[in-house]
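As a plain string of letters, each chain reads:
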Amino acid sequence: SAVISQKPSRDICQRGTSLTIQCQVDSQVTMMFWYRQQPGQSLTLIATANQGSEATYESGFVIDKFPISRPNLTFSTLTVSNMSPEDSSIYLCSVGDNYGYTFGSGTRLTVV
Amino acid sequence: AQSVTQPDIHITVSEGASLELRCNYSYGATPYLFWYVQSPGQGLQLLLKYFSGDTLVQGIKGFEAEFKRSQSSFNLRKPSVHWSDAAEYFCAVGAQGGSEKLVFGKGTKLTVNP
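If you're matching them up, the sequences are chains E and D in order.
Note that my numbering numbers the first sequence so that position 49 is 49, with each residue one more than the last.
Note that my numbering numbers the second sequence so that position 55 is 55, with each residue one more than the last.
Source of the hints: derived by calculation from the structure; they are not laboratory data.
There could be a bad hint or two in this list.
No more than 27 Å apart at the CA atoms, straight line, and that leaves these computed lysine-lysine pairs for BS3-like [unchecked claim]: (1) E:LYS7 x D:LYS106; (2) D:LYS106 x D:LYS61; (3) D:LYS106 x E:LYS65.
Which chain E residues face chain D? A few, computed with CB under 7 Å, are given here [as the list claims (entries may be wrong)]: (4) SER42; (5) LEU43; (6) LEU45; (7) ASP97; (8) ASN98; (9) GLY100; (10) TYR101; (11) PHE103; (12) GLY106.
For each residue, glycine too, the CB sits at the ideal point set by N, CA and C.
Given the sequences, and given the hints that come with them, work out the whole structure.
Spelled out as structure tokens, the structure:
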């Protein structure tokens, strides 16, 4: 199965700023998924990123707040824009293949 | 649209007792089913998965799960719980080849009493 390198692993950011999270996969994958896990909650899908097309966002998530880049089949970024304390969460990327789904180690974001 | 229901938000068991965590799913095609565990402050760890074949699947840490298509269920079991099993457990449903998103249930928090 694929191996994902996600960074940063954690960050503390000031409100109103933006943070870009990167995920690098060791193999080419068609779709990458970005999730958010709020404190004490389950994982919620933010968007699905296909290479060469705009990401598809789930209800409640918008591109202006969570712009996604997918320049090639092994890399993607998620930006959390104009952050507020409510954005404090763990953000994870994921890919799926014939072996199942692999997750990055997550980015623990704290907005102060 | 696919969905996962974990009816039990919180379960408490005594160490050494048996455990069953319930999971019901809704999915239009052949489901790929997963159980993950997350300890406080830790990442997700895959316990087991079901793609096809034998409906009773064995996982790590002594866990097993049984797929019942007629009941749309994929319940997780362990015959004897250890204190280290205290964690949050998530059931999830996805698609063959990872071609669709993985949808998670809300999770079940397991507390183990000594």
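Checked hints:
no., hint, verdict
1, E:LYS7 x D:LYS106, "holds (26 Å)"
2, D:LYS106 x D:LYS61, "holds (22 Å)"
3, D:LYS106 x E:LYS65, "holds (24 Å)"
4, SER42, "holds (5 Å)"
5, LEU43, "holds (5 Å)"
6, LEU45, "holds (5 Å)"
7, ASP97, "holds (5 Å)"
8, ASN98, "holds (5 Å)"
9, GLY100, "holds (5 Å)"
10, TYR101, "holds (5 Å)"
11, PHE103, "holds (6 Å)"
12, GLY106, "holds (6 Å)"
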